[in-house]
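Chains P and X are the protein sequences, given in the same order.
Residue 407 in UniProt numbering sits at position 407 of the first sequence, and the numbers go up by one each step.
Residue 121 in UniProt numbering sits at position 121 of the second sequence, and the numbers go up by one each step.
For the record, the hints were derived by calculation from the structure and aren't laboratory data.
Here the structure is a predicted model, which is why all the values come from computation and not from measurement.
Don't take every hint at face value.
You can't tell identical chains apart in this list, so a pair holds if it fits in one copy or across any two.
Unchecked claim - 20 Å max Cα-Cα, derived PhoX-like pairs, lysine-lysine: (1) 93 / 3; (2) 389 / 119; (3) 55 / 360; (4) 33 / 3.
Protein chains: 2
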Amino acid sequence: MIKIGLLGFGTVGTGVYEIINNTENNLRILLNKEIEVSKILVSDINKKRNVVVSKDILTQDPLDILENPEIDIVVEVMGGIDKAYEYMCLAFKNNKHVVTANKAVVSKYIDKLLDLANKYDRGFLFEASVGGGIPIIKPLKQSARINNISNVRGILNGTTNFILTKMCDENLSFDEALNIAQELGYAEADPTDDIEGYDVKRKLAILSSIAFNNKTDVDSIMCRGISSINKVDIKMFKKLGLVSKLVGSAVSNDNNYSASVEPILLNENSTFTTVKDAFNIVSITGNVIGELQFYGQGAGKNPTANAVVSDIFDIVTGQYKRDDFVQNGKLISADIDLFKGRYYIRVSPSNKNDVSKILKLMDLDKLKYEILSMNEDLIVITDVINADKIEQFVSKLNILEKEYCYMRIEGDIMNLKYEAK
Amino acid sequence: MIKIGLLGFGTVGTGVYEIINNTENNLRILLNKEIEVSKILVSDINKKRNVVVSKDILTQDPLDILENPEIDIVVEVMGGIDKAYEYMCLAFKNNKHVVTANKAVVSKYIDKLLDLANKYDRGFLFEASVGGGIPIIKPLKQSARINNISNVRGILNGTTNFILTKMCDENLSFDEALNIAQELGYAEADPTDDIEGYDVKRKLAILSSIAFNNKTDVDSIMCRGISSINKVDIKMFKKLGLVSKLVGSAVSNDNNYSASVEPILLNENSTFTTVKDAFNIVSITGNVIGELQFYGQGAGKNPTANAVVSDIFDIVTGQYKRDDFVQNGKLISADIDLFKGRYYIRVSPSNKNDVSKILKLMDLDKLKYEILSMNEDLIVITDVINADKIEQFVSKLNILEKEYCYMRIEGDIMNLKYEAK
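Working from the sequences, and respecting the hints, build out all of it.
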């Protein structure tokens with residue numbers, strides 16, 4: 001009998017509990033072992049719940065799980081950082097395997113947690129921390145054993161992809177789309193982590209750490225969100241045959257890596273633009289395997305719980321291995337032209353005078369551009385430039401207190417439908 | 001030291017040999033074990049090869065590998081059916097793990113080979129048999145542990161997808177596209193297995209067996225290829241905003257399953273239509289996980305060899321498990337409306353008289369349809385009908401010795417650009 005202790009009994013925790021109880025018979029046949037959730041850490045035992053669970057297995061004391069000699073696997077689905085990390089460390093020290101869905105902790109402490117898992121010869125699996133139900137961590141680890149991975153990128157946040165899809169397909173404003181996302185439970189009351197790209201940054205740090213065998217510092221990732229995109233932009237993107245997506249990407253060569261989270265403009269016929277609503281996609285490129293893509297539901301109770309339970313099964317069947325391949329300090333964070341490209345820039349000046357002022361600024365910065373629109377909003381597309389050049393220009397717009405939106409255009413520029421001009 | 005015996009030293013075998021020798025140092029660190037290819041079965045030891053290999057490890061006698069007590073893992077990459085199957089059986093009986101890329105053998109004998117692997121407590125892995133470099137077998141197994149899989153479908157053949165892409169994007173005829181595929185080495189001198197869908201049938205049988213925990217008989221899969229598609233069809237598809245793809249799909253409910261390989265028409269903006277050239281995609285749908293999609297190179301030396309080596313690593317690190325979940329006889333092959341839908345039909349009559357004859361046939365069969373074109377070719381789109389109805393009609397066209405092409409239209413019919421009429 002394999003005993004599981006759950007830290008947390010929110011959405012994902014409940015999903016894990018339900019799956020294990022529903023598929024129990026199936027499991028016995030497959031695993032030749034029984035498996036049960038025998039303790040669940042909650043903040044209030046007496047809280048009313050939508051799931052039928054015996055009060056005997058609920059506890060408010062983490063040590064009932066972490067120091068319980070009968071528990072084999074600790075599943076951390078409580079969220080937060082410091083406490084969750086502390087509990088995971090204690091679990092390893094008490095010779096327990098750890099499974100988690102917590103991207104904040106994994107991205108911050110992946111090296112320390114893997115070291116602990118190795119030290120105590122336990123499994124540490126975190127498939128659910130990136131891409132919800134998409135199996136990506138495991139295939140990425142397997143690809144990285146054989147390949148030099150040069151590139152990992154993806155649409156990694158369901159909330160922002162839902163908002164962008166609504167804005168694009170139903171002509172909604174950013175605020176309208178965000179409201180719907182909040183009503184449907186896709187976005188939290190404080191949506192900052194999602195819309196400013198912080199959530200993607202954590203997930204990208206995890207992917208990049210595994211892909212490049214090198215811990216990626218979350219803070220080394222350049223990050224911009226989607227809140228500056230408005231209806232005028234969306235209308236112009238459509239005219240241009242482009243679609244905006246919030247994309248996290250990390251690239252690496254022999255000695256460097258570079259990572260960014262930013263809204264980019266993709267051709268209508270690229271695979272990424274077919275990813276709608278709360279779905280996610282991850283693409284990896286290796287020297288032997290070429291490009292692989294993985295698509296599925298990026299969040300939600302069932303898909304995320306599915307990923308957690310899949311990790312539990314891997315531990316029960318011994319299908320985890322020492323993950324000692326995250327080595328620190330080999331790669332250096334550097335600008336290897338990741339953000340080089342043509343940029344879409346929209347500035348909303350208040351009058352004609354402003355327009356000529358802004359165009360003069362561009363000339364001063366030696367930005368080469370084509371003007372797409374000068375009615376109300378000034379919209380230009382630049383020649384291929386480096387990110388530092390665009391940042392330099394944008395900082396001046398900040399000084400002028402102008403509202404603006406800018407975005408790199410990716411893919412074949414020849415496909416631009418220039419009738420927009 | 002883990003010793004590997006290769007059965008076959010063609011394209012994939014050479015790739016496996018090269019990967020293991022190139023990543024050797026990496027491997028030692030990861031696995032804490034050494035791994036080497038110590039014997040290779042070839043048909044002619046003295047043949048000139050493009051790869052540097054010591055003659056000492058080549059052999060023309062399969063027993064040098066199959067009965068060699070030093071060999072731990074037998075990798076079958078020789079192709080064919082009977083001999084390959086015989087060698088795999090003998091490998092298990094001599095307590096060796098088996099890894100194969102052979103879809104013909106796996107689709108035909110999956111139940112027997114898994115039984116043998118279980119009996120001798122060895123690993124039997126065949127990731128490379130479907131989807132080339134795409135990791136699909138393993139994620140599918142893992143999903144099937146937790147989910148009831150209702151649906152598995154994919155673009156599973158690189159050659160036909162390459163031909164259809166060329167026909168669509170470069171306005172080539174079927175024969176012109178096939179010739180290019182043959183020149184580039186994508187298609188064999190006798191392309192029948194690819195263009196008639198037999199290759200997809202085998203791959204689909206493997207996927208469906210795992211997805212539904214039930215061996216799918218290859219012969220139970222309805223199968224049509226792409227050779228009847230011509231330039232007139234492609235032109236009309238474009239007008240309709242549709243793209244043709246050769247798709248294998250299998251669906252299941254509680255007691256039945258149904259599987260087909262057929263060219264179908266998809267909306268331009270579906271994910272499958274973004275899969276171009278020799279790339280493959282597989283989609284699976286489970287009750288917990290929802291839909292997952294996996295995309296990558298469906299064939300070729302490196303991707304396929306990558307999948308084989310990944311299986312080898314799983315065996316070396318003990319990450320294989322008893323695959324005793326393929327149970328025979330639970331599901332029955334049945335028509336569960338898989339092929340129901342609107343159909344595109346093009347008939348090439350020789351004169352006006354023929355047109356009215358064919359339209360009368362449709363009326364006789366109570367086929368409801370809209371005529372899209374009556375110049376030279378008669379092109380119609382039917383209302384939603386069952387596959388048996390279309391087969392009934394087509395059999396009459398055969399009697400009349402007419403050239404024709406028909407194809408189910410999938411997806412939202414509302415997206416049809418009806419200006420084609």
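Verification of the hints:
Taking identical chains as interchangeable, the C-alpha atoms of residue 93 and residue 3 lie at most 20 Å apart only when both belong to the same chain, with a minimum of 17 Å there against 36 Å between chains. When the C-alpha separation of residue 389 and residue 119 is checked against a cutoff of 20 Å, the pair qualifies neither within a copy, at 47 Å, nor between copies, at 65 Å. For a Cα distance limit of 20 Å, the shortest separation of residue 55 from residue 360 qualifies neither inside one copy, at 70 Å, nor across copies, at 72 Å. With identical chains, the CA atoms of residue 33 and residue 3 are at most 20 Å apart within one copy only, with a shortest distance of 11 Å there and 32 Å across copies.
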